[in-house]
Amino acid sequence: MTEVSGPRNAADTMAVAPRLANLLGKLKTEHLIYAASIIGMVVLWHVVATTFFKPQFFPGPLAVLATGTEMVASGELFEHVSISLQRILLGFLIGSAVAAPAGLVMGSVPVVRAIFDPYAQFFRFVPSLAWLTPVVIWFGIGETSKVLIIVYTTVFIVLINTMVGVSHIAENKLRAAACLGATPFKSFLHVTLPATLPFILTGMRLAMGNSFATVVAAEMIAADSGLGFLIFNSRLWMATDKIFIGIVCLGTLGLITDRFFRYLVVRFAHQYGPIE
Amino acid sequence: MAQDFLVARDVSYRYAARRGVQAPEVLSNFEVALTEGEFFCLLGPSGCGKTTVLNLMAGFLPPTSGTITLAGQPIVGPGIDRTVVFQSDDALFTWLRTIDNVAFGLRMRGLPAERRHAIAREYLHLVHLDGQENKYPNELSGGMKQRVQIARVLATDPKILLMDEPFGALDAQTRSRLQDELVEIWRKTNKTIVFITHDIAEAILLADRIGVMTKGPGSRLGVIIPVDLPRPRRRGHPGFGEMWEHLNAIIEGEEGDET
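These protein sequence lines map, in sequence, to chains V and P. Under this note's numbering, the final residue of the first sequence carries the number 338; numbering is consecutive throughout. Under this note's numbering, the final residue of the second sequence carries the number 280; numbering is consecutive throughout.
I should point out that these hints are in silico values taken from the structure, not numbers from a laboratory. Careful: at least some of the hints might be erroneous.
Result set (DSSO-like, lysine-lysine): computed pairs, CA atoms no more than 27 Å apart in a straight line [as the list claims (entries may be wrong)]: (1) V/Lys248 with V/Lys235; (2) P/Lys209 with P/Lys180; (3) P/Lys156 with V/Lys235; (4) P/Lys180 with V/Lys248; (5) P/Lys212 with V/Lys235; (6) V/Lys235 with P/Lys180; (7) V/Lys248 with P/Lys156; (8) P/Lys212 with P/Lys180.
Given the sequences, and given the hints that come with them, work out the whole structure.
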């Protein structure tokens with residue numbers, strides 16, 4: 063077995079080695095600065111926390127790491143993270159799926175825009191948390207309410223961005239399509255939609271950030287699980303280390319989801335000219 | 022004499038009134054009659070409404086009064102018998118590869134991918150873009166983008182090409198090459214071409230007839246000058262300089278009215 067796979071592995075390694083070296087070469091400057099910056103911040107955190115504060119007021123990175131390890135081992139952290147992430151993603155995806163088509167239609171059809179624009183402009187200034195109590199009364203304390211709150215947060219950001227995208231389409235593109243035989247519907251499908259995609263994706267990225275903010279607030283007020291609940295509940299026990307775990311998790315999760323989203327965009331939608 | 026093909030009769034155009042104040046007429050009593058297969062250049066000072074004429078012919082705008090007909094049929098909107106090459110390359114679909122840009126009109130007609138790509142490849146060959154079919158517009162030079170636009174409108178086999186200063190934004194070298202190639206394409210395809218330009222030399226190099234517009238507002242077609250210089254034309258050829266002087270005098274006379 064080893065004899066058969068040996069040479070193949072060697073060949074693979076030979077092919078991989080130069081690519082790896084190349085990658086390391088690219089990594090050198092930018093990514094080293096990246097890593098140094100993160101390490102520097104953790105060191106600063108440690109120094110400030112241990113020098114000027116009592117651990118229960120401002121726990122250092124080592125204390126947080128210790129508590130974090132315990133919470134990972136007990137499965138508590140995974141539970142909070144997964145439920146928050148589920149609420150965010152579900153609400154974010156439903157919200158985007160509703161808002162992007164609605165924004166496309168509102169941007170393209172003046173009558174539809176005239177009907178719905180006042181509501182879009184009105185409700186986008188009403189924060190989703192203002193709706194928390196009515197939503198809980200109408201839909202109960204369960205997951206539906208929390209997901210709906212995220213949907214609400216996502217909808218207006220994606221909607222407004224999509225409408226802006228439609229208004230930014232070069233008129234020449236629509237005219238070109240018309241004289242090449244596109245009916246209004248085909249023009250919508252083959253020009254308006256792809257030309258607006260970068261704006262939709264940008265709106266989604268922004269909405270993702272707001273979804274993180276909203277889920278925490280919603281979980282603080284009406285939940286018994288999730289990172290927001292973890293942060294708010296730990297306050298009662300003066301468990302600042304757990305609060306910091308929540309904060310670190312939120313930042314890391316946000317960063318990872320954003321990177322993943324950007325990866326998907328670059329991988330599958332680069333030709334639509336996404337805005338970086 | 023060949024039959025009239027694209028005919029504009031007593032065409033006026035003005036933008037919609039604003040706050041009850043009537044906008045001045047861009048065009049008034051614009052008249053022209055093109056014959057099938059001719060290369061017609063519309064020449065005139067900037068701001069005289071050349072692009073408006075083209076937009077009316079394309080059907081993007083309705084005339085305020087008067088009619089435009091193509092082979093006897095009134096023009097009421099955009100149609101695949103009159104396709105437009107725009108001055109700006111923002112008319113290209115940046116998310117589509119070159120070949121899919123060229124095949125766009127065929128796709129709208131419902132042709133299967135294989136057929137439309139085969140046809141698109143022929144037209145890419147005609148505009149000397151072999152091997153560029155998988156590139157996106159943003160990966161092409163300015164001259165290449167205009168070639169894609171030309172291939173794209175030809176692929177739908179229109180009766181008329183409407184070209185709005187298509188080489189206006191290109192460098193002199195590229196412009197000169199594309200002018201030669203356009204004449205070559207015109208000869209191969211026998212299309213009728215309406216070509217807008219404010220460049221006198223370009224008009225002389227390309228046109229069978231040059232229509233000079235009067236200055237706006239309320240401009241119309243002033244004189245029509247036939248160009249009977251032998252093709253291929255070069256700037257140094259006998260007769261070119263005289264014709265340039267003649268046209269320049271007409272346009273300066275137009276602009277001179279201002280002062």
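Quick rundown of the hints versus the structure:
1. V/Lys248 with V/Lys235: holds, 13 Å
2. P/Lys209 with P/Lys180: The given pair, whose Cα atoms are some 14 Å apart, holds under the 27 Å limit.
3. P/Lys156 with V/Lys235: holds, 19 Å
4. P/Lys180 with V/Lys248: Holds, because 23 Å separates the two Cα atoms, which is no more than 27 Å.
5. P/Lys212 with V/Lys235: holds, 23 Å
6. V/Lys235 with P/Lys180: holds, 21 Å
7. V/Lys248 with P/Lys156: The hint holds at about 24 Å.
8. P/Lys212 with P/Lys180: holds, 6 Å
Figure legend: structure checked against the earlier numbered hints; every hint is met.
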